[in-house]
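Hey, can you work out the whole structure from these sequences and the hints?
With positions in the sequence shown counted from 1, the corresponding number in our numbering is that position plus 12.
Hint data in this document are derived by calculation from the structure and do not stem from the laboratory.
Any given hint could be a false lead.
Quick list of simulated restraints, FRET-style, between CB atoms [unchecked claim]:
(1) Tyr-58 <-> Phe-27: 38 to 48 Å
(2) Asp-61 <-> Val-21: 34 to 44 Å
(3) Ala-40 <-> Arg-63: 55 to 65 Å
(4) Asn-62 <-> Phe-27: 44 to 54 Å
(5) Pro-23 <-> Glu-53: 39 to 49 Å
(6) Ile-45 <-> Ala-24: 28 to 38 Å
(7) Leu-38 <-> Tyr-58: 26 to 36 Å
(8) Arg-60 <-> Ala-40: 24 to 34 Å
(9) Arg-63 <-> Pro-23: 56 to 66 Å
(10) Leu-36 <-> Asp-56: 50 to 60 Å
For every residue, glycine included, the Cβ atom is placed at its ideal position computed from N, Cα and C.
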Amino acid sequence: MASAGIIGVLPALLFLFYLVIAGLGLYALILFIKLARRGIEALDIYLRDNRGR
13 MASAGIIGVL PALLFLFYLV IAGLGLYALI LFIKLARRGI EALDIYLRDN
63 RGR
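Set out below in structure tokens:
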């Protein structure tokens, strides 16, 4: 009888795991976008500084 309770809780745990993974993926996407924007700004500064040479 105890195994039936575990089987009943399993979908809820998997859904919670899915939400955590989706949240981490969204957080990673936000960090990547911030990194890309900084990289583009750094490239713009580099090109602006070295254009006159």
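Consistency of the hints with the structure:
1. Tyr-58 <-> Phe-27: 38 to 48 Å: Given a distance of about 46 Å, which is inside 38 to 48 Å, the answer is holds.
2. Asp-61 <-> Val-21: 34 to 44 Å: Distance hint for Asp-61, Val-21 is violated at roughly 60 Å.
3. Ala-40 <-> Arg-63: 55 to 65 Å: violated (34 Å)
4. Asn-62 <-> Phe-27: 44 to 54 Å: Hint holds: Cβ distance 52 Å, inside 44 to 54 Å.
5. Pro-23 <-> Glu-53: 39 to 49 Å: holds (45 Å)
6. Ile-45 <-> Ala-24: 28 to 38 Å: holds (32 Å)
7. Leu-38 <-> Tyr-58: 26 to 36 Å: holds (31 Å)
8. Arg-60 <-> Ala-40: 24 to 34 Å: holds (30 Å)
9. Arg-63 <-> Pro-23: 56 to 66 Å: holds (59 Å)
10. Leu-36 <-> Asp-56: 50 to 60 Å: violated (31 Å)
Checked against the numbered hints above, the structure violates hints 2, 3, 10; every other hint is satisfied.
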